[in-house]
Amino acid sequence: MTPGRDLRFLEAARTLAMAVVVWSHASNTVFFREGDFSATPLFTSCLVTFAVPTFFCISGYLLALFAPAGGDQAARPLRQIKKILPLFLAWNALTLIVLRLAYGMPLFSPTALADLATGPAQLYYLFALLQLLALTALAAPFASPARERVWLAAGAATTLGFYLASTLALHLSPPASHAFELVAIKIGPVWLGFFGLGGWLARNPQHLDALARRWPLFTALAVCAFIIYWADVDAQARSLGANYRQYFLLSGLAFQLAGCLALLGGCRAAEARAGRLFTLLAETGRDTLGIYLAHYVLVLLFYAAVPAPVAPAHRLPLGAAAMAVSFGGSLALTRLARRHGGAVWARVLFGV
5 MTPGRDLRFL EAARTLAMAV VVWSHASNTV FFREGDFSAT PLFTSCLVTF AVPTFFCISG
65 YLLALFAPAG GDQAARPLRQ IKKILPLFLA WNALTLIVLR LAYGMPLFSP TALADLATGP
125 AQLYYLFALL QLLALTALAA PFASPARERV WLAAGAATTL GFYLASTLAL HLSPPASHAF
185 ELVAIKIGPV WLGFFGLGGW LARNPQHLDA LARRWPLFTA LAVCAFIIYW ADVDAQARSL
245 GANYRQYFLL SGLAFQLAGC LALLGGCRAA EARAGRLFTL LAETGRDTLG IYLAHYVLVL
305 LFYAAVPAPV APAHRLPLGA AAMAVSFGGS LALTRLARRH GGAVWARVLF GV
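Counting along the sequence shown from 1, when you hit position 102 you're at 106 in the numbering used here, and nothing is skipped either side.
A portion of the hints provided could be inaccurate.
Unchecked claim - SDA-like mimics (lysine to any residue), calculated; alpha carbons at most 20 Å apart, straight line:
| hint | residue 1 | residue 2 |
| --- | --- | --- |
| 1 | Lys87 | Val352 |
| 2 | Lys190 | Leu168 |
| 3 | Lys190 | Leu284 |
| 4 | Lys86 | Ile101 |
| 5 | Lys190 | Phe166 |
| 6 | Lys86 | Ala309 |
| 7 | Lys87 | Gly279 |
| 8 | Lys86 | Val314 |
| 9 | Lys190 | Leu139 |
| 10 | Lys86 | Leu353 |
| 11 | Lys190 | Leu293 |
| 12 | Lys86 | Thr44 |
| 13 | Lys190 | Ala121 |
| 14 | Lys87 | Leu66 |
| 15 | Lys190 | Leu120 |
| 16 | Lys86 | Tyr128 |
| 17 | Lys87 | Leu69 |
| 18 | Lys190 | His344 |
| 19 | Lys87 | Trp349 |
| 20 | Lys190 | Ala106 |
| 21 | Lys86 | Leu134 |
| 22 | Lys87 | Tyr107 |
| 23 | Lys86 | Val24 |
| 24 | Lys86 | Ala324 |
| 25 | Lys190 | Pro90 |
| 26 | Lys86 | Val102 |
| 27 | Lys87 | Gly270 |
| 28 | Lys190 | Gln84 |
| 29 | Lys190 | Leu212 |
| 30 | Lys86 | Val52 |
| 31 | Lys86 | Ala144 |
| 32 | Lys190 | Phe70 |
| 33 | Lys86 | Leu67 |
| 34 | Lys87 | Pro114 |
| 35 | Lys86 | Ala68 |
| 36 | Lys87 | Val52 |
| 37 | Lys86 | Leu66 |
| 38 | Lys190 | Asp236 |
| 39 | Lys87 | Ala169 |
If you're looking for bench data, these hints aren't it; they were derived computationally from the structure.
Remember, it's a predicted structure, so these values are computed and weren't measured experimentally.
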């Protein structure tokens, strides 16, 4: 099993997960802007929650796959931090500037300053990833193959414990805002279970091959878990008026885990056939970081030009148009940056 082969199925999985993320931001922006928490936007809100755990799983996989057999185990996570941090800060600032110019939001406020440091909108993922990379570097002196299962169990227990606490809190003290989740998604250790799972799969390739053989089973499990999860979130929205707990529900965890494994297993199985669609997805995967960084700014600019209110019948088509603009535009910008690697804007915004 060669690293090149591993990267092809990971890149394809990353492209599919990224498409779901962009669709969520592009479509639900118009629905939730209108205060519409009906079945359609809630479907997308639930569906997208498997994508971020998948990104953490892939990050953990890649970190473990290319870890040196000996020597400084902290070197690679520290290099990743050095690469990601400037991009993270640059897009934080650019997103806040767009929010100020297009939506009149204050540029200098406690919230804006907190977002500048921890990431507005989708950039929270990079803030959490930076924490996980830092934890990996700090834990490197204490990591060993003999302790692998202990680390994985500790990460899984941390993630499961947080989801359990969040679910109990929802029912014991129903929230009145998204504040809890907007903070929680930025806390790196919350995602340790998925990050550790990726590392474990990289070090145990036989389980990955077994996953590829059983991906239809995991897909069926993901569909069943999704139905339960969607019903759970819909009941919450009907009771509270909004989906204040989107990620951190036990029903959500079941779907996120099954969805992540189904996607990775399916892409691994498709890699053996390597058809045209798989090749296209794998080739696009190398640009997903750029798409992730840039697409939400394009979504913001798109909807800044669309006056409210938008009739219910027009919201889904408008979301599709926003998807085309944001995904296609961010992909084009990323590939343009590759062609102009070394230019100031390409280095600052895309790291090339």
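Hint by hint, here is what the structure shows:
1. Simply put, Lys87 and Val352 have alpha-carbon atoms about 11 Å apart, close enough for the 20 Å limit, and the pair holds.
2. A C-alpha spacing of about 18 Å is found between Lys190 and Leu168, which places the hinted pair at or below 20 Å, so the restraint holds.
3. This hinted pair does not check out: Lys190 and Leu284 have alpha carbons roughly 32 Å apart, beyond 20 Å.
4. Taking the CA atoms of Lys86 and Ile101, the gap is near 24 Å; set against the 20 Å cutoff, the hint is violated.
5. For the hint linking Lys190 to Phe166, the alpha-carbon distance of about 13 Å falls within 20 Å, and the restraint holds.
6. Note on Lys86 and Ala309: the hinted pairing is violated, with a Cα-Cα distance of about 36 Å set against a maximum of 20 Å.
7. Straight-line distance between C-alpha atoms of Lys87 and Gly279 comes to about 33 Å, which puts the hinted pair past the 20 Å bound.
8. Using a Cα cut-off of 20 Å, the hinted pair Lys86 and Val314 is violated, with the two alpha carbons roughly 43 Å apart.
9. A C-alpha spacing of about 15 Å is found between Lys190 and Leu139, which places the hinted pair at or below 20 Å, so the restraint holds.
10. With a C-alpha separation of about 14 Å, the suggested pair Lys86 and Leu353 falls inside the 20 Å cut-off, and the hint holds.
11. Distance check on the hinted pair: Lys190 and Leu293 sit about 18 Å apart at the alpha-carbon level, within 20 Å; holds.
12. A distance of roughly 40 Å separates the Cα atoms of Lys86 and Thr44; the hinted pair therefore is violated under the 20 Å criterion.
13. Our distance criterion of 20 Å between C-alpha atoms is met by Lys190 and Ala121, whose separation comes to about 11 Å.
14. Note on Lys87 and Leu66: the hinted pairing holds, with a Cα-Cα distance of about 15 Å set against a maximum of 20 Å.
15. Restraint check: the Cα-Cα separation between Lys190 and Leu120 comes to about 13 Å, which is no more than 20 Å; the hinted pair holds.
16. Under the criterion of a C-alpha separation no larger than 20 Å, the hint pairing Lys86 with Tyr128 is consistent with the structure, at around 17 Å.
17. Distance check on the hinted pair: Lys87 and Leu69 sit about 18 Å apart at the alpha-carbon level, within 20 Å; holds.
18. Only pairs whose Cα atoms come within 20 Å are accepted, and Lys190 paired with His344 is rejected, the gap being roughly 32 Å.
19. Between Lys87 and Trp349, the direct Cα distance comes to roughly 15 Å. Compliance with the 20 Å bound is thereby established for this hinted pair.
20. With a CA separation close to 25 Å, the supplied pair Lys190 and Ala106 exceeds the 20 Å bound.
21. Distance restraint check for Lys86 and Leu134: the Cα-Cα separation of roughly 10 Å lies within the 20 Å cut-off, and the hinted pair is therefore satisfied.
22. Distance hint between Lys87 and Tyr107 is unfulfilled; the C-alpha atoms sit about 31 Å from each other, more than 20 Å.
23. Pair hint Lys86 plus Val24 does not hold up; C-alpha atoms about 28 Å apart against a cutoff of 20 Å.
24. Taken as a hint, the Lys86 and Ala324 pair is broken in the structure, with Cα atoms around 36 Å apart against an allowance of 20 Å.
25. With a C-alpha separation of about 18 Å, the suggested pairing of Lys190 with Pro90 holds against the 20 Å cut-off.
26. With a C-alpha separation of about 25 Å, the suggested pair Lys86 and Val102 falls outside the 20 Å cut-off, and the hint is violated.
27. Restraint check for Lys87 and Gly270: not satisfied, since their Cα atoms lie roughly 30 Å apart, outside the 20 Å limit.
28. For the proposed pair Lys190 and Gln84, the alpha carbon gap of about 18 Å is at most 20 Å, so the pair holds.
29. Only pairs whose Cα atoms come within 20 Å are accepted, and Lys190 paired with Leu212 is rejected, the gap being roughly 28 Å.
30. Taking the CA atoms of Lys86 and Val52, the gap is near 28 Å; set against the 20 Å cutoff, the hint is violated.
31. The hinted pair formed by Lys86 and Ala144 meets the criterion: a straight-line CA distance of about 17 Å does not exceed 20 Å.
32. Taking the CA atoms of Lys190 and Phe70, the gap is about 26 Å. The hint is violated against a cut of 20 Å.
33. Using a Cα cut-off of 20 Å, the hinted pair Lys86 and Leu67 holds, with the two alpha carbons roughly 14 Å apart.
34. The suggested pairing of Lys87 with Pro114 is violated, with an alpha-carbon distance near 27 Å, which exceeds 20 Å.
35. For the given pair, Lys86 sits about 18 Å from Ala68 by alpha-carbon distance, which is consistent with the 20 Å threshold.
36. About 26 Å separates the Cα atoms of Lys87 and Val52, which puts this hinted pair outside 20 Å; it is violated.
37. Restraint check: the Cα-Cα separation between Lys86 and Leu66 comes to about 16 Å, which is no more than 20 Å; the hinted pair holds.
38. A distance of roughly 23 Å separates the Cα atoms of Lys190 and Asp236; the hinted pair therefore is violated under the 20 Å criterion.
39. A distance of roughly 34 Å separates the Cα atoms of Lys87 and Ala169; the hinted pair therefore is violated under the 20 Å criterion.
Hint violations for this structure: numbers 3, 4, 6, 7, 8, 12, 18, 20, 22, 23, 24, 26, 27, 29, 30, 32, 34, 36, 38 and 39, all remaining hints satisfied.
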